[in-house]
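Using the supplied hints, reconstruct the complex from the two chains, each of which is provided in its own coordinate frame.
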Amino acid sequence: AQSVTQLDSHVSVSEGTPVLLRCNYSSSYSPSLFWYVQHPNKGLQLLLKYTSAATLVKGINGFEAEFKKSETSFHLTKPSAHMSDAAEYFCVVSDNGGYSTLTFGKGTMLLVSP
Amino acid sequence: NAGVMQNPRHLVRRRGQEARLRCSPMKGHSHVYWYRQLPEEGLKFMVYLQKENIIDESGMPKERFSAEFPKEGPSILRIQQVVRGDSAAYFCASSPHPDSYEQYFGPGTRLTVT
Chain A
1 AQSVTQLDSH VSVSEGTPVL LRCNYSSSYS PSLFWYVQHP NKGLQLLLKY
51 TSAATLVKGI NGFEAEFKKS ETSFHLTKPS AHMSDAAEYF CVVSDNGGYS
101 TLTFGKGTML LVSP
Chain B
1 NAGVMQNPRH LVRRRGQEAR LRCSPMKGHS HVYWYRQLPE EGLKFMVYLQ
51 KENIIDESGM PKERFSAEFP KEGPSILRIQ QVVRGDSAAY FCASSPHPDS
101 YEQYFGPGTR LTVT
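As you go down the protein sequences, you meet chains A and B in turn. Heads up: the first sequence begins at 1 in my numbering, then just goes up one per residue. Heads up: the second sequence begins at 1 in my numbering, then just goes up one per residue.
Because the hints were derived from the structure by calculation, they are not lab data. Glycine included, each C-beta is placed from N, C-alpha and C at the ideal position. It cannot be assumed that every hint is accurate.
As the list claims (entries may be wrong) - Here are the simulated EDC-like pairs of lysine to aspartate or glutamate, each with C-alpha atoms no more than 16 Å apart in a straight line:
#	chain 1	residue 1	chain 2	residue 2
1	A	106	B	102
2	A	106	A	88
3	A	49	B	102
4	B	62	B	86
5	A	106	B	41
Said to hold, decoys possible - So the derived label-pair ranges between C-beta atoms look like this:
#	chain 1	residue 1	chain 2	residue 2	range
6	B	102	A	28	17 to 25 Å
7	B	68	A	26	30 to 38 Å
8	B	40	A	113	20 to 28 Å
9	A	61	B	81	40 to 48 Å
10	B	68	A	18	41 to 49 Å
11	B	76	A	28	31 to 39 Å
12	A	55	B	38	32 to 40 Å
13	A	28	B	8	32 to 40 Å
14	B	17	A	55	45 to 53 Å
For reference, chain B alone in the conformation it holds in the complex (with noise of 0.2 Å):
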């Protein structure tokens, strides 16, 4: 049963451009958290997605920043018109169930913006 896979496992895209970042929960879970870690910082949560809904995204920066988890593949972040300032690595979790605490992390997508 492979984990949570993520990809690119590092991206470099310079300002203006954009950035996609995917999730591939495991497997029989519907349910992705995408979180940010900035350098000297713990895990900040960003969006929580169920199949085709985002259930909640407080974490969520209000511009340049979506995310989506279609129906069928895996879960998007991404960013538009990146910034110096959103260098980070960003994890994405799944779970089975909304009501399950334990989130199991996929390895990161270290994004550098030069």
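Looking at chain A on its own, in the form it has when it is part of the complex (with noise of 0.2 Å):
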């Protein structure tokens, strides 16, 4: 079984300040990590994903995330928020094994304020 926990519901941040938005997973084989944005009334965007390669990986608009294996996490940073980043954020779990179905975490919303 996988699972995923998202720590907070909600991060604010001024805008130019570093982004910082906590994930921690569970699964029972070697993981594929995701994170989503979801910008309000849209459909999901994916930002960047883990899949067993380099542990920092690097995505779109700037973010990137570190698979730690030994603490189980897969945290999304960026070092300069934008407005446009205002959104809610999914991290991701996928089992490889066989085919994938993807579990979400409950979210973050990402709040930025001038």
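If you want it as structure tokens, here you go:
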């Protein structure tokens, strides 16, 4: 069984300051991990993915995440927040056991103030 | 190359009516996944289909819900005798093959049951 815990339901930052969205996972197999972003009333867009290659993964829009097996974490970071980053972010895990069904965290709403 | 298409984008049904949600996968994709997003929740897996086959329906409610992906045409998620608790956003995703851990999401259908 696999599960994802996003530790914060809301994160508030000021524009230009760093962003940290926390995610812990559990998985029976070697997992693939993803971060998706959802803007209001829009679909989901893939930010980045980890699939057992480099542990530091770079994604779109300046986001990156580091896979830490010892801590079972996959936190999302960005050095400097932009107003357009305000959205909901989902950490997602997929077991590498055949076909992949995705298990989503409950989401973290990122609020960016000027 | 058009992305995953879902229609309608918004659907309002009265209690007891039927809801039919459509999903056209990306060109060349023959694997379709349906997810449901309840308010304040992450997405929950419902069903995984290949052309003319249901592969995994472990996330589908036992009654009133059904899904199909015919040889021709879009995938359909059908909810019979809708109740207020069915109000949610329903997302479809597609992938080109089963061990592709990256799924491409549509914009979702927001179902409101009055």
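Margin query: Tell me if the straight-line CA distance from residue 62 of chain B to residue 86 of chain B falls inside 16 Å.
Written below: Status holds; Cα separation ~13 Å.
Next item on the list: Take the C-beta atom of residue 17 of chain B and the C-beta atom of residue 55 of chain A, compute their distance, and say whether it sits inside 45 to 53 Å.
Entry: holds, 50 Å
Note to self: Is 32 to 40 Å respected by the C-beta to C-beta distance linking residue 55 of chain A and residue 38 of chain B?
What the structure shows: At roughly 33 Å between Cβ atoms, residue 38 of chain B and residue 55 of chain A fall inside 32 to 40 Å, so the hint holds.
Next item on the list: Given the hint of 20 to 28 Å, check if residue 40 of chain B and residue 113 of chain A actually sit that far apart at their C-beta atoms.
Entry: For residue 113 of chain A against residue 40 of chain B, whose Cβ atoms are near 22 Å apart, the range 20 to 28 Å holds.
Note to self: Given the hinted pair residue 49 of chain A and residue 102 of chain B, is their Cα-Cα distance within 16 Å?
What the structure shows: It holds: about 8 Å lies between the C-alpha atoms, which stays within 16 Å.
Item checked: Range agreement (Cβ of residue 28 of chain A with Cβ of residue 76 of chain B, hint 31 to 39 Å) -> Cβ of residue 76 of chain B to Cβ of residue 28 of chain A: about 32 Å, so the range 31 to 39 Å holds.
Notebook entry, point to check: For the pair residue 102 of chain B and residue 28 of chain A, does the Cβ-Cβ distance stay inside 17 to 25 Å?
Noted result: holds, 21 Å
Notebook entry, point to check: Taking 16 Å as the top limit, are the C-alpha atoms of residue 106 of chain A and residue 102 of chain B close enough?
Noted result: Roughly 19 Å between the alpha carbons, so the hint for residue 106 of chain A and residue 102 of chain B is violated.
Note to self: Can you confirm whether the C-alpha distance between residue 106 of chain A and residue 88 of chain A stays at or below 16 Å?
What the structure shows: holds, 10 Å
Check: Regarding residue 61 of chain A and residue 81 of chain B, is the given constraint of 40 to 48 Å on their beta-carbon distance met?
Finding: holds, 43 Å
Item checked: Outcome of range test on Cβ distance (residue 28 of chain A, residue 8 of chain B; 32 to 40 Å) -> holds, 38 Å
Note to self: Please verify whether residue 106 of chain A and residue 41 of chain B have alpha carbons no more than 16 Å apart.
What the structure shows: Holds, at roughly 5 Å.
In this structure, the one hint that does not hold is number 1.
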